[in-house]
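Chains as they are written, first to last, in this note's numbering: chain X, 1 to 521; chain P, 1 to 321.
Keep in mind that a hint or two might mislead.
Selected chain P positions facing chain X (in silico; Cβ < 7 Å) [to be verified]:
#	residue
1	Asp-39
2	Ala-53
3	Phe-283
Rather than coming from a laboratory, the hints here were simulated on the basis of the structure. Even for Gly, the Cβ is constructed at its ideal location relative to N, Cα and C.
Read off the chains here:
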Amino acid sequence: MADTKGINRRQTLKLGAGALGLGTIGAPYWQGTAQAQAPTLRAAITGFNVINTLDPAKASLIPEFYIIYGVFNSLLKFNAKMEIAPDLAESFSIVDPKTLEFKLRKGVKFQDGSDFSADDVKFSIERVLDEKTASPNRGKLQSITNITIVGSDTIRLETKAPFAPLLNYMTNTRTATQIVSRNALKTMGDEAFGKNPVGTGRYRIKDWKSGEMIELTGFAGAFEGAPKIMNVRCPMIAEESSGMTAILGNQVDLTSTAPFADIPTLEQKQDIRVIKQAGLNTRYIALNNKKAPFDDVHFRRAVSMAFDRNVLVKAVIFGEGIATPGILPPSMWPDNKPAVSDWVQFNPERSRAEFAKSKYKPGQEGTILIWGSNWWRRIGEIFVGQVNQVLGTKLSVQASDFNAGYARAKAGDYDAMVMGWLGFVDPDEFMGEMVGSKGFRNIHSYASEKMDALLEKGRMELDPMKRKLVYREAELLMLDDMPLLPCFTSNVHNLMRSNASGFTQLPYSNFADQFGTVQIG
Amino acid sequence: MAFAGGMIRRLTNRLGGVFVLALLGSAAVFFAMRMGAGDPAIAALGDFATPEAIAVFRTKWGLDQAVILQYWKWLLNALQGDFGASMTVAANVPIAKLIASRLPNTMFIGLYALTIAVLISLSAGTLSVLRHGKFADTVATSFAVLGISMPDFWLSYVLIYIFALGLGIFPSYGFVTPAESFSAALYSGLLPALAVAAPMAAAFTRILRTALLETLHREHVRVARSFGFREAFIFIHYVMRNALIPYVTVVGLQIRYILGGTVVVERIFGVPGIGALMVDAAFARDYPVVQACALTFPIGVLSVNFIVDLICAALNPRETT
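Only chain P is shown next, with the shape it has when bound in the complex (with noise of 0.2 Å):
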């Protein structure tokens, strides 16, 4: 009960964190834009566009409205969950639908990518403990220098001349979505989760051979030991569980570099995630798509804060109780 009640607290102030947050960032997202060089009529209407149509484009989308009355209508609205529709990289579409569309492309890529250096490390890091001193713990302590070393766009070229052009096996662009077919998806994918997977599964494996080594050597693990446990038994129960608490808090952290993250890597491979539609977005002085994004990118690094926090506090048994 006391957990579930902390919890609650938690999450509710969470909440108002991200509200307070929400509504800082968009006010100086929205007025840094305004600030900013840039013309969003010359973006929608090319630099031919006459007077007029400047004009036409301008009252349309109202920006010949004072700054903080553009501000102030924007929010009114947005608090009533209507983020109106792009104005330059996909005219009159609503912008909720394009993050709709958007949004599950960077979440699959990102949390396959997840998968894949979770998967890597937890194995990588393993190894190279239980090899401490080895040549296995020298590979895979080389790895992780040269997965954190690589420039992620780089590393996408590497394996698009690798595997789609010389060896043909993965296609060399494309991408077709999770709502179209998974498996596709899940094949298309996995060259962008692979090159944006690498520099996570370097940061994971030194986190975890790091806390799994020091942990290795604590008193509790010794005493587990003097009990005549089996070494696989007490490496799960009381090496690995307890090494799992800052490796879990660093995978959080780098959850969040995952939706600005895979920017580059959707350009390359062609994903359509919300990072390259923001990008796209400031080129071309989208205001209310750069709002909207701007508003997806804080509440998606707090929701996984603080499902971090949660795991964390289930695997600290100090928590629990």
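This is chain X alone, in the form it adopts within the complex (with noise of 0.2 Å):
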């Protein structure tokens, strides 16, 4: 036996020399490649891992957009106060209510080598307004009846009636409005644009493995000068809590989002900033207003008010946001004053005095649809459980995925569903597409002609106070008669590491766009 224990004591020993061996012969490459790369801005795009295509014609996911942001410039864009300001077009003008003139800038050239023109702008929008693009944002541009080059810098759209949001959609967001190079797209065809795009900004296809990552190289020619940093590797990284060890062990400089639930960890750290601001988004619960028993206002109304919406922004999203009255977030408030209604404020009493107006009775069943990550599951699980509670329903929560779940929406086949959507720039886009009775995301079957003249006011309406006004009135009339229920607003969030900087950070959860003035070190 003392033989074979000795054999056995020194086998171990070996076998777990070997290991460790294994596991560190790589590290010198790893580190060694990784410098050998630098400088390089390592920017993950957390979150998801999907990206189809990067022609903004055709692109509809937010991870589309953030590289197509940086890949591409529109004629207008949002600065760092969120005020509209030039890109494409050094000025712009409002000829009359239906006429918008562009002078575009001189000397801007493609990453290819071509030069930029009004052809180009104009290729650009008739090709999302062309049925066979398929784009999913022709409907934003469906209004433009006629583009016309004048001279040879300048292009005007004019649209049927005043239209205030084509502005907006003229910004580098996720708005399809970007300009290609009609020469590029031409020559290489649609399929192939759409893996190697050719824009005007300062960043174009190096490398792109789907679901994996994306490296950009710099375009030194960019009218907006040549990157800092000139190589950008975008590891796309499914769950944001792995993108947050990514930036804790160093792997990434930069994160497009960040876990809720560690903000407030992160922001103890030294070598980590958090980047936040409130967002330009929405959550809330969406309600089949054709179906039992939220087809009943006095019972869509009573469970409104059997709910605290800010015990949700503090279970949820970790108080990382705000509770809003609406489905607009606070930036498109008039005079950043929230609406005031009682049909969204938590009042048990109320709620169940209104709830005894409806036909249904406590005990009453319903289903919300749950979906996504945890954050998204608990919206729905606290929300039952509030309710229930004030109001002795027994409403319960199905869990799902989005995608199942929004089908089954779109067909009109569920009670209720959580929701939420993000990166809009205009109200029409949170209003008009939410409650107008042909809107996209209208998956309430609620319909109110009151509600669309006072949408196509807002459309109308070009002064952008007046133009607030409007909406509030709007969101005063949807909580009346309450097709869906309100929750709140997040912020956004990016991580970056401290030794980076020059990531300005906009409320529609933007990316790509501030890679060229980010520097390391």
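Put the two chains together into one complex, using the hints given.
This is the structure we're talking about:
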């Protein structure tokens, strides 16, 4: 026995040493590779790992636009104060309520070296409008009737009626109005262009591994100036928590999002900077107004008063947001003041009184579809708990994934569903599409002539302050009808290593548009 | 010759089985996916897609045709080795290319984990038997219970916090593929491989310990001792060799979980593997990708089973003579 023991002890030690050797052999390569590629900005797309196309006309997903923002420019953009600023257009003017005129920048080059011209602008917008392109954003531009090139550097957009959102829709946001190179697109064809797009932005695509990573390389001839860091690697990290460990472990310099629950801890870290502000987003509970039990306005109002939105903000997003009485985020409120309506105040007594007016009784059942990561699910779980406690109902949650839930909601086969949208820059994207009778996001089967008239008024009102007041009126009408239950607006977050600087966060969840000014060290 | 002939017969039977299973499995997956709620157009075009855009998408991918016809077309193409292109997780990228880039990474992590698990279990299992009832045995047995009890996602984060964020000796995220650099793949893949290996190592240790203890008290071992052979010789030739048959069988059974079981670990560490691809595809209703992955899994599992059979047969003297 003694011999055997001796052999095995030695073997065990050898095995242990071997395993350790295997693990450490690659370390110098790994570190060497990172250093050899310096200076490289490692900007992780977190919470998402699907990018299908980088053609602005065909893109729809937020991670697609994260990259598009840096490859392309639009006629206009938002500055750090969220004011409309020149981009490819050096100035713009409102010729009359139905005509916008843009004076284009001269001497701008596309990344393939060709000249930017008014033809490219006309082509880019017409392409979005062309049914054959099947652009998901076509609806945003449908009011345009004429695109006219005036001289060599001026372009006019005419609409059939005054259309206030158009200026916002001409910015470098999630609107498909980024200007593409007409020649490059014609030469390459749609599909190849979607993989290797040509714009005027500070970066172009160097490499793209589906679901894994996009590598960008700087465009020295960009009209905004050459980027400070020419190489950018954008790993796509599906789990936000993995994005957090990646930046904590110095594997990335910047992330596109951060997990709400970890913000307080991350804010204590010396080597990480949490960049945050109120986002242009909305989180709510969609209700099927044509199906029991949410077909009864008294029941909808009763439910709205039976849950405390501040509890959701605290428990769901750990205080990283603000309870909202409507679906518009605070920056779209007139004078930054929220709508005042009793229907969205947590008031158990009034809630029960309103419930008594409805055709439903305690014990009423209903299903709330929940989906996605933990915090999305918690909205539904906490909501159901509070409402059942106040009203004695038997609402329940049903877990699903977004795609299945949304397909059911679109088909009208649901009672209620936790919902939310982000990246919108115009109130019409929120209100018009969610509560307009023909809105894409109106999964509530809600139709009100009065609401449609107000929304139309909002689209036609060119004075920004007056326009905000129109949407306030529309929000109050919405709260009376309560086709959905507004909950909160969440903050947008980016995490950045403390040795990096130069990233300006914007509330619509921007990303690659800022890479050009980022510095490390 | 008899051994080779038997193997060829087994191989032929297995291949036939794989074909039938793949056919039934593909049909089951195809129709189950179509029956479930969800719409690839929403995944690809987003919620604000116009009805026209959705119609164009559906026509392009043949989703407007009868489901049975869609399956028939898919089957005909699949039989010719054409799995089509991804609809929603990597638009228009050929699926064969996707799988070819993802499968080696999953296999690498799986085999890496398996190697670690086998090394640990051989050492721990042997040690616990040689020190039966003593401290080392208790440690090895406790380790086995712990390994089986730890969820892989939890262990992954523990490993990250200790070795990446704490000690800073391994990357907290990211994987260099073996194609880029084998040594860097070994380095960046060690933590994910350890997370996958832990429950396997625990299961292997338990089975090896039990098999060794059982074999140690068999008649033939006593007889060998009576001949005066050295203990080391007896242990290697008469105890270990016999105990390896159930051990290899269990190892083979565990391998089948590697393909699907690394999904969570792949996600946490950013390993671009086939498990994560299939999950992403299922969520995005990328039917052809799910179909192709669903075919890859049974083929992989049955191939492994066949290899395990071969090893067991080689270890068993009754089959090799």
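Interface restraint verdict for Ala-53/P against chain X (beta-carbon cut-off 7 Å): Check passed: Cβ of Ala-53/P comes within 4 Å of chain X, closer than 7 Å.
Quick check on the hint: Phe-283/P CB to chain X CB, less than 7 Å? With a closest approach of 5 Å, the Phe-283/P hint holds.
Against chain X, is Asp-39/P within 7 Å by beta-carbon distance? Asp-39/P check passes; min Cβ-Cβ to chain X is 4 Å, inside 7 Å.
The structure meets every hint from the earlier list without exception.
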